[in-house]
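Student: Residue-level listing of the chains:
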Amino acid sequence: QKEVEQNSGPLSVPEGAIASLNCTYSDRVSQSFFWYRQYSGKSPELIMSIYSNGDKEDGRFTAQLNKASQYVSLLIRDSQPSDSATYLCAVIMYNNNDMRFGAGTRLTVKP
Amino acid sequence: DGGITQSPKYLFRKEGQNVTLSCEQNLNHDAMYWYRQDPGQGLRLIYYSQIVNDFQKGDIAEGYSVSREKKESFPLTVTSAQKNPTAFYLCASRSGISTDTQYFGPGTRLTVL
Chain A
1 QKEVEQNSGP LSVPEGAIAS LNCTYSDRVS QSFFWYRQYS GKSPELIMSI
51 YSNGDKEDGR FTAQLNKASQ YVSLLIRDSQ PSDSATYLCA VIMYNNNDMR
101 FGAGTRLTVK P
Chain B
1 DGGITQSPKY LFRKEGQNVT LSCEQNLNHD AMYWYRQDPG QGLRLIYYSQ
51 IVNDFQKGDI AEGYSVSREK KESFPLTVTS AQKNPTAFYL CASRSGISTD
101 TQYFGPGTRL TVL
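Going down the list, the sequences are from chains A and B. All residue numbers for the first sequence refer to my numbering, where the first residue is 1 and numbers rise by one. All residue numbers for the second sequence refer to my numbering, where the first residue is 1 and numbers rise by one.
Isolated chain A (complex conformation):
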């Protein structure tokens, strides 16, 4: 089992819809989780961090964490074409403090 797994995608949604991106992780005691956005040809940029079970909202973005299910998700409301990018899930492994990344999910928002 990979340490961090994401939907392989690509994911395509119409403009204005909700995009849902999912991520599972293997280390059941991990405490820190992050979502990055990477535009084509650019470096990843941090968009959300979450540490506690439940939802965390920041503008149109909502991160959801369920530690019992080892699952973290990112919802993008009112999706815009400018949200088209690859989204990377990252988890800090509790035992060695290493950060591990998922392979990313490519999102396309169609006008």
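You may find that some hints are simply not true.
Claimed, not checked - Okay, the calculated bits of chain A under chain B, using three or more residues with CB under 8 Å as the criterion:
no.	region
1	30-44
2	86-93
3	96-104
Stated by the list, open to error - In silico DSS-like pairs for lysine-lysine, Cα to Cα no more than 30 Å straight-line:
no.	chain 1	residue 1	chain 2	residue 2
4	B	K14	A	K42
5	A	K42	B	K71
6	A	K42	A	K56
7	A	K2	B	K14
Note that these hints are calculated values from the structure, not bench results. Predicted model, so just to flag it, every value in this text is computed and none were measured. Note that the Cβ used here is the ideal one computed from N, Cα and C, for glycine as well.
Guided by the hints, dock chain B onto chain A, whose structure is given.
Tutor: Leaving out everything else, chain B in the frame of chain A:
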């Protein structure tokens, strides 16, 4: 202006040459990382360093070398032993705090001619 800088932005190498990619940070972070990204693929860890004068191999270290003589700098050398070096190279840094995330530089795109 705090951040991570990488240079050059684009680099062309002839087969058989060694090239060095620069990475500098002024965030006072202890840990620094090098990743390789191929088109349409995820990040693969090459080397990382958690403290000055110490570094560890990542998942794909063969054909690469690093040094960490200063806290601010973590250069990556792509040697001639790396058979397929054309890729996008990303440097990142992170503080030693367990809840803190990594921050990335703008990347260097290396092409072998």
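Student: All hints are to be evaluated individually against the structure, with a verdict given for each.
Tutor: We went through each hint and held it up to the structure:
no., hint, verdict
1, 30-44, "holds (count 7)"
2, 86-93, "holds (count 3)"
3, 96-104, "holds (count 6)"
4, K14(B) / K42(A), "holds, 24 Å"
5, K42(A) / K71(B), "holds, 25 Å"
6, K42(A) / K56(A), "holds, 26 Å"
7, K2(A) / K14(B), "violated, 36 Å"
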